[in-house]
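There are 4 protein chains.
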Amino acid sequence: MSITLDQAEKAIQAAKAKAADINTLMNIAIVDAGANLIAFAHMDNAWLGSIDIAQRKARTARYFDMPTGELGKLSQPGGSLYNIEHSNGGLITFPGGLPIKDASGTVIGAIGVSGSTVENDHTVAQAGVDALA
Amino acid sequence: MSITLDQAEKAIQAAKAKAADINTLMNIAIVDAGANLIAFAHMDNAWLGSIDIAQRKARTARYFDMPTGELGKLSQPGGSLYNIEHSNGGLITFPGGLPIKDASGTVIGAIGVSGSTVENDHTVAQAGVDALA
Amino acid sequence: MSITLDQAEKAIQAAKAKAADINTLMNIAIVDAGANLIAFAHMDNAWLGSIDIAQRKARTARYFDMPTGELGKLSQPGGSLYNIEHSNGGLITFPGGLPIKDASGTVIGAIGVSGSTVENDHTVAQAGVDALA
Amino acid sequence: MSITLDQAEKAIQAAKAKAADINTLMNIAIVDAGANLIAFAHMDNAWLGSIDIAQRKARTARYFDMPTGELGKLSQPGGSLYNIEHSNGGLITFPGGLPIKDASGTVIGAIGVSGSTVENDHTVAQAGVDALA
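Protein chains in written order, with UniProt numbering: chain C, 1 to 133; chain A, 1 to 133; chain R, 1 to 133; chain W, 1 to 133.
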């Protein structure tokens, strides 16, 4: 099973609402279980460089079925996955990417958010995930 | 001036409705005046390969401010723009990409649609453009 | 649903047997429903350049859920999909790639074969598909 | 001399068996003496992002005829090969890639494994190497 467009749009709407709540401008990407782009939204005047980063965060979260920030803890100098970012055409391993699971716990896709601090990016991504819970 | 996310989402909704009307499954991409991705939607079970093509059509339409199919007439063997597809990281020059203009005729972005015949792709892209007229 | 590794290996074994039958040396790739590589085999002394082509054929067949050769008929000069090969990081649109479907007709992956004439490539790919029928 | 497909498949089967033994889901790649992909297997539900990493580990191990983890010790900040990962289209320098040698000690290819901790990846890669000893 993979995320549907209806689900993806619902997650994006929730993420946009949270972004507005906390006074940020975000880029929000949703990928399916195959790591393919399903839906995307760039809020007006959000960073242009985050269009790409949001998509990479979503793919990274699905590639390894974990929050991107968890991977980033392991990819630091001296860490067990140092420089893993060089794989898969370029990963992003700081927070803002989260897997999306169905009720049974199976990963059906992922969300990636970029546009503010990584704490804010993570908060907005979590709002997207929560909208489908 | 560039297309807003509200406008982009309105165009995508109109394109999705037209795609459903003509019984097709489409990928729909909107780029802004800077050729950056603003919004995207992959209808459930639409071709995966068209995720990339829809985005390339949108960028191509904005890069040259003309319908992608017009460019394709010039890029054929012996044509004046033969193999222009090699530029800009890869263009798509068959129909399905259209510039989006404001009331004054200024290009504010573009739409790219892929998932069916090029005639259907063009029809759905036009529906997106018309929604903002 | 996506193809399993067991199924992929069964398809590769059948393809290898057919390749030997017709006295060819092939590269054989299997991708899943998300177009991700599941299994691959390079027969000894097969063309090195076909390692990449086999994988691109498999992805292309899944991207558009059709035999690669069908796409190639449309991508010729003057055709409706001229130069579609520039999308998705590079497509291969001559024969040798085929979708793989389950009993209900849902595409669960694809096979790509390269190493000989396109007729032989297609024959060997078909043997892989048939092994799962 | 280079590894044969029969040898590569034998190494993959041994690696898969070891992966199952230690309760992990792995991606396993074998390259030949020319660093070209010979065989690959993605175990069902293994990380999608490791499809690429397993192949990079195998290539990296053959590029420098040493375990990937040895290279990773030298590529750290301040190290003699700092950021060598930028070369060759992207290297992976944490454990899980090992050269494969023939009886005379000549490198005939390499194995790359990705899907779990780097310790587990290395253990499974070693099982592949041992199967050919």
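These are calculated hints, taken from the structure and not from any lab test.
If you're wondering where the values come from, they're calculated on a predicted model, not measured in any experiment.
Incorrect hints may appear among the rest.
[Said to hold, decoys possible] Keeping only pairs whose Cα atoms sit at most 20 angstroms apart, straight-line, the calculated SDA-like set for lysine to any residue is:
(1) R:16 x R:45
(2) R:73 x A:13
(3) C:16 x A:13
(4) W:16 x R:73
(5) W:10 x R:43
(6) W:10 x W:22
(7) R:10 x R:90
(8) C:73 x W:69
(9) W:10 x R:73
(10) A:73 x A:83
(11) C:10 x A:44
(12) C:10 x C:73
Taking the earlier hints as the rules, which of them does this structure contradict?
Structure breaks hints 2, 4, 7, 9 and 12.
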